[in-house]
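Protein sequences, first through last, are from chains U and P.
The first sequence begins at 136 in this note's numbering and counts up one residue at a time.
The second sequence begins at 136 in this note's numbering and counts up one residue at a time.
By construction, these hints were calculated from the structure, which means they are not laboratory data.
Glycine included, every Cβ here is placed at the ideal spot set by N, Cα and C.
Honestly, I wouldn't trust all of these hints.
DSS-like, lysine-lysine: derived pairs with alpha carbons at most 30 Å apart [to be verified]:
#1 U:K198 - U:K211
#2 U:K329 - P:K334
#3 P:K363 - P:K211
#4 P:K174 - P:K329
#5 P:K198 - P:K272
#6 U:K363 - U:K329
#7 P:K272 - U:K334
#8 P:K139 - P:K272
#9 U:K272 - U:K142
#10 U:K373 - P:K329
#11 P:K272 - U:K300
#12 P:K174 - U:K319
#13 U:K198 - U:K142
#14 U:K363 - P:K334
#15 P:K173 - P:K225
#16 U:K329 - P:K174
#17 P:K256 - P:K142
#18 P:K142 - U:K334
#19 P:K334 - U:K373
#20 U:K256 - P:K256
#21 U:K363 - P:K256
#22 P:K272 - U:K363
#23 U:K334 - P:K334
#24 P:K272 - P:K305
#25 U:K173 - U:K211
#26 U:K363 - P:K300
#27 U:K373 - U:K334
#28 U:K198 - U:K272
Pair by pair, the computed Cβ-Cβ distance ranges are [claimed, not checked]:
#29 P:P369 - U:P328: 16 to 26 Å
#30 U:P328 - P:I326: 46 to 56 Å
#31 U:K334 - P:P369: 50 to 60 Å
#32 U:D306 - P:E251: 40 to 50 Å
Number of protein chains: 2
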Amino acid sequence: MSEKSIKVFAPASVSNIGPGFDILGFALNEPGDEIVLKKLINSQIEIASITGDGGKLPFDILKNTASVAIKSLMDKYQITDGVSIEVNKKMGLGSGLGSSAASAVGAVFALNELFELNLSKEDLLEHALAGEFVASKAIHADNVAPSLYGGIILIRGYEPIDIIKINTPKDLFCTIIYPDIEIKTSEARAILPKEVPMKSVVTQTGNIAALIYGFATENYSLISRSLKDVIVEPYRSKLITGYDEIKQAALEAGALGCSISGSGPSMFALSNSEEVANRIALETKRVVTNIGLASVTYVSEVNQVGPKILN
Amino acid sequence: MSEKSIKVFAPASVSNIGPGFDILGFALNEPGDEIVLKKLINSQIEIASITGDGGKLPFDILKNTASVAIKSLMDKYQITDGVSIEVNKKMGLGSGLGSSAASAVGAVFALNELFELNLSKEDLLEHALAGEFVASKAIHADNVAPSLYGGIILIRGYEPIDIIKINTPKDLFCTIIYPDIEIKTSEARAILPKEVPMKSVVTQTGNIAALIYGFATENYSLISRSLKDVIVEPYRSKLITGYDEIKQAALEAGALGCSISGSGPSMFALSNSEEVANRIALETKRVVTNIGLASVTYVSEVNQVGPKILN
């Protein structure tokens with residue numbers, strides 16, 4: 136009993152931006168997931184199809200990120216009609232690019248449009264987070280919020296959730312290099328120390344403070360000097376084959392800085408021109424190819440809009 | 136053989152601003168120290184007098200903050216004349232208000248003027264730091280740099296020293312409440328943990344990032360939400376009698392936030408009007424008086440100029 140349908144795009148995102156572990160992320164223009172919803176009158180939530188996931192994502196509506204997000208939203212607003220969900224993954228699972236967050240965000244954005252709920256993004260956030268939770272087993276808004284709002288997003292804290300959109304310098308470009316390595320998010324979490332030396336805390340707070348001020352004042356030199364992570368990168372970079380060489384290639388190609396996207400294996404590099412961003416993609420891909428690994432690269436400005444309707 | 140002389144004022148400063156432990160400080164219009172220098176032709180460095188220190192500061196030119204700073208500068212530029220130094224302390228020693236930093240800054244600033252060296256503040260910085268080092272036994276620029284440059288100063292890092300002047304919101308006021316308690320900086324350092332839980336690191340970085348963005352965008356609500364220190368304050372506040380009540384009084388009087396200035400015992404509160412700042416001074420002083428302690432309060436905007444010539 137399909138009535139009307141909607142197709143949306145929701146952007147991938149980079150989280151853990153250098154010294155901004157668990158607090159800072161930004162959205163990308165590409166890649167991103169596509170979600171197609173069809174309204175089903177007097178029916179239930181169902182997952183009609185999933186593509187691009189290599190058969191890995193669950194069709195169980197209590198386990199799939201998109202359906203859990205939609206169910207959370209429908210329950211809250213007591214929507215009694217159903218919906219058929221089509222999930223088209225346009226990026227690798229476990230890429231470090233906020234894949235599950237994009238699907239959850241796309242799902243709630245699409246539902247809001249399809250059912251004309253007129254909810255704000257603030258209203259949608261908790262339901263996208265609920266969807267992402269089933270994939271990551273943790274509430275981390277640093278992928279969900281950038282994907283939903285677009286832009287560079289700071290999560291100040293969680294009690295209550297406090298989201299601040301940070302100015303994006305106008306010439307900022309991001310290069311993603313996604314080498315074909317599998318990293319389990321759980322392993323990337325487990326490898327981190329539980330305690331951090333005070334000296335490292337001072338270094339990290341100095342860098343995150345300067346990075347934020349660099350974004351605010353569009354000071355690329357400051358962004359470059361402060362895009363340094365002394366707490367997480369030393370551990371997680373060990374999980375990425377060739378990390379040091381890839382990073383060096385990015386910096387030699389003109390990157391302002393380079394670090395791990397999310398929990399990897401994708402790496403991101405920032406630059407202040409599209410030309411440099413493209414050169415970084417070329418040079419880092421060359422290094423990864425020489426190591427003997429396949430890879431995908433993306434060059435993108437920071438996405439400023441979040442999800443959008445495609446049809 | 137005195138020839139000519141100069142009298143300068145160098146401002147006190149607040150360091151360790153909430154989540155900005157060891158990286159963030161700002162200068163005050165008052166209090167501050169006065170330094171008087173007299174040029175001595177073909178002579179040496181000597182300390183002529185020290186007032187306001189209760190007899191505690193050394194006259195040994197290798198141990199006094201002001202003379203060490205001056206000696207460092209004179210050695211560097213091979214100045215063969217001498218100078219007579221008068222140090223007039225206008226704030227308590229060990230107040231947490233960057234007293235030794237102010238004397239060191241005043242000394243190098245005065246010498247630069249007196250000998251017409253035409254050095255920049257960047258040139259003066261290392262010598263002021265050398266002076267401050269003999270007092271604190273550590274290189275911490277978060278009092279010296281604000282006192283020298285004025286404004287809100289971020290120390291991104293020390294290798295090499297990277298100083299960034301942060302925008303001061305135009306209505307920002309600071310109240311200082313300085314209770315008559317003695318805290319040794321060494322004790323205040325020793326009480327701190329060597330390691331910090333990762334969860335606290337995430338909270339602290341979220342708050343310092345938001346505080347900097349609040350200053351940059353003059354967002355007082357954001358400044359208020361983020362002026363929180365989960366790492367240092369829980370330990371050092373125990374050294375300040377009545378800390379919780381004083382802080383509560385400041386917040387109830389309308390403070391955006393309140394924390395420890397430097398390593399205490401002074402506390403600072405930020406507000407967005409002079410009226411509120413004065414009310415905070417009144418209410419916090421009342422609490423300290425009720426505890427049975429003497430106290431001094433100051434109300435000041437952020438000093439934007441650093442040291443200045445008085446005569």
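To see whether the hints hold, each was checked on the structure:
1. U:K198 - U:K211: holds, 18 Å
2. U:K329 - P:K334: Cα-Cα ~8 Å, so holds.
3. P:K363 - P:K211: Outside the cut-off at roughly 41 Å; violated.
4. P:K174 - P:K329: The hint is violated at about 46 Å.
5. P:K198 - P:K272: holds, 11 Å
6. U:K363 - U:K329: holds, 20 Å
7. P:K272 - U:K334: holds, 17 Å
8. P:K139 - P:K272: Violated. K139 (chain P) to K272 (chain P) sits at ~33 Å, over the 30 Å cutoff.
9. U:K272 - U:K142: With Cα atoms ~27 Å apart, K272 (chain U) and K142 (chain U) stay inside 30 Å; holds.
10. U:K373 - P:K329: holds, 25 Å
11. P:K272 - U:K300: violated, 41 Å
12. P:K174 - U:K319: violated, 69 Å
13. U:K198 - U:K142: holds, 22 Å
14. U:K363 - P:K334: With a Cα-Cα distance of about 19 Å, the restraint between K363 (chain U) and K334 (chain P) holds, given a limit of 30 Å.
15. P:K173 - P:K225: holds, 20 Å
16. U:K329 - P:K174: violated, 57 Å
17. P:K256 - P:K142: The hint holds at about 18 Å.
18. P:K142 - U:K334: violated, 38 Å
19. P:K334 - U:K373: holds, 22 Å
20. U:K256 - P:K256: violated, 48 Å
21. U:K363 - P:K256: With Cα atoms ~27 Å apart, K363 (chain U) and K256 (chain P) stay inside 30 Å; holds.
22. P:K272 - U:K363: At roughly 28 Å apart (the allowed maximum being 30 Å), K363 (chain U) and K272 (chain P) satisfy the hint.
23. U:K334 - P:K334: holds, 16 Å
24. P:K272 - P:K305: violated, 35 Å
25. U:K173 - U:K211: holds, 20 Å
26. U:K363 - P:K300: holds, 20 Å
27. U:K373 - U:K334: holds, 22 Å
28. U:K198 - U:K272: Since the Cα atoms of K198 (chain U) and K272 (chain U) sit roughly 11 Å apart, the hinted pair holds (cutoff 30 Å).
29. P:P369 - U:P328: 16 to 26 Å: This hint holds: roughly 21 Å between Cβ atoms.
30. U:P328 - P:I326: 46 to 56 Å: violated, 23 Å
31. U:K334 - P:P369: 50 to 60 Å: About 19 Å separates the Cβ atoms of K334 (chain U) and P369 (chain P), which means 50 to 60 Å is violated.
32. U:D306 - P:E251: 40 to 50 Å: holds, 43 Å
The structure shown violates the earlier hints numbered 3, 4, 8, 11, 12, 16, 18, 20, 24, 30, 31.
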